[in-house]
Amino acid sequence: MANKESYLGEFEHVVMLSVLSLKDNAYGVTIRQNLKEKVGREVAIGALYSTAERLENKGLLSSKKGEAVSERGGKAKRYFSVTLLGMSALSVTKKQLEILWSQASANFSIQAGRRI
Amino acid sequence: MKPINNKPPRLALVLLNKCLPDSVNDGVSGDLIEEFNQSDNSNLVNQYLFWRNTLSTCWRYSMNKQLFLSLGMSAVSLTIFYMLIKAVVFLSVAEDPLFYKDYWMNGGIHLLFVEDFFWSNSFGSNAYELDWGMLVNDWSVIWSIISYTVLHILDRRHKFRLFGYVSLAFVVCFTPYFYGMLILRFNDVPLTEVGPLVAFMWISIIYLILPLSYGLITKMHHHTSTILA
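Protein sequence lines correspond, in order, to chains A and B. The first sequence maps to residues 1 to 116 in the numbering used here. The second sequence maps to residues 1 to 229 in the numbering used here.
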């Protein structure tokens, strides 16, 4: 059974999946672009960083400073990656959602069909 | 190709630098600059977006627990500072009957601050009577300089954690007060000698409370940045 720390909030879940999908190129700009392009979600940069910090404090994400380039005004990138604990939390969340979806899918199809 | 004079607003960058903790400053500022440079929007739109992101990010990072703690600590420090200045001015113009109260002799002089007449006498009417000479006390000057310097040196050497610094700052600030209370409680101090002792008790706090509060707030800010780093 997952403990309380394993539960991910919806936005935390989205951010972690985005970081995971971007592999070694997950930093603020690419995460925001990815969320906008893939799921049409515009994310405030402050919201992204404060969520990433919270996930780091929980041990689910880690970050490291990257290169400082001139097109960034000489500021370093901050690359994020999912930790082992983070992978475990994602796995738990995925299983929970799959169980809930498998239970709900029959009703979902019926009710969606009615509305169409 | 973007015109060369299109640069992110410098004031916004300064604001980000001031508002954000060190741990995220480079990341957030760099991301915004990179997006600004990559964008195909007009300069006006880019400037607007940069400012919008800057203000929302600063708001998010400023409205936190640390800010409320800092504001609370500033309010408490300023209140104590104000009360003690008022008390010094008040005593300088008080009539003799006030000094017949028991608390001048038994160490409970904090009871002055719950007296109705203390608060009914507005600071405004007393303020012009404030003679800065009243706020000079040799023993308080000596205590404040030595204790503050020792605390500063020890902090630089041992890099106290927040709780350690708070405890020592409290000791440094309020030791004269508790020392005076104990002297008054356990000794028969003549009324004529109570004045200098009370001056040492109060004026030391007046000297120390604001610099110590500032040091504490700075320490809290540094502590938060370190945690986030």
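It is possible that some hints are incorrect.
Stated by the list, open to error - Derived BS3-like pairs: lysine-lysine, alpha-carbon spacing no greater than 25 Å straight-line:
#1 58/A <-> 65/B
#2 65/A <-> 18/B
#3 86/B <-> 64/A
#4 101/B <-> 65/A
Because the hints were derived from the structure by calculation, they are not lab data.
Outcome of the hint check:
With a C-alpha separation of about 18 Å, the suggested pairing of residue 58/A with residue 65/B holds against the 25 Å cut-off. Using a Cα cut-off of 25 Å, the hinted pair residue 65/A and residue 18/B holds, with the two alpha carbons roughly 20 Å apart. A C-alpha spacing of about 53 Å is found between residue 86/B and residue 64/A, which places the hinted pair above 25 Å, so the restraint is violated. The hinted pair formed by residue 101/B and residue 65/A fails the criterion: a straight-line CA distance of about 65 Å is larger than 25 Å.
Violated hints, in rising order: 3, 4; the structure is consistent with all others.
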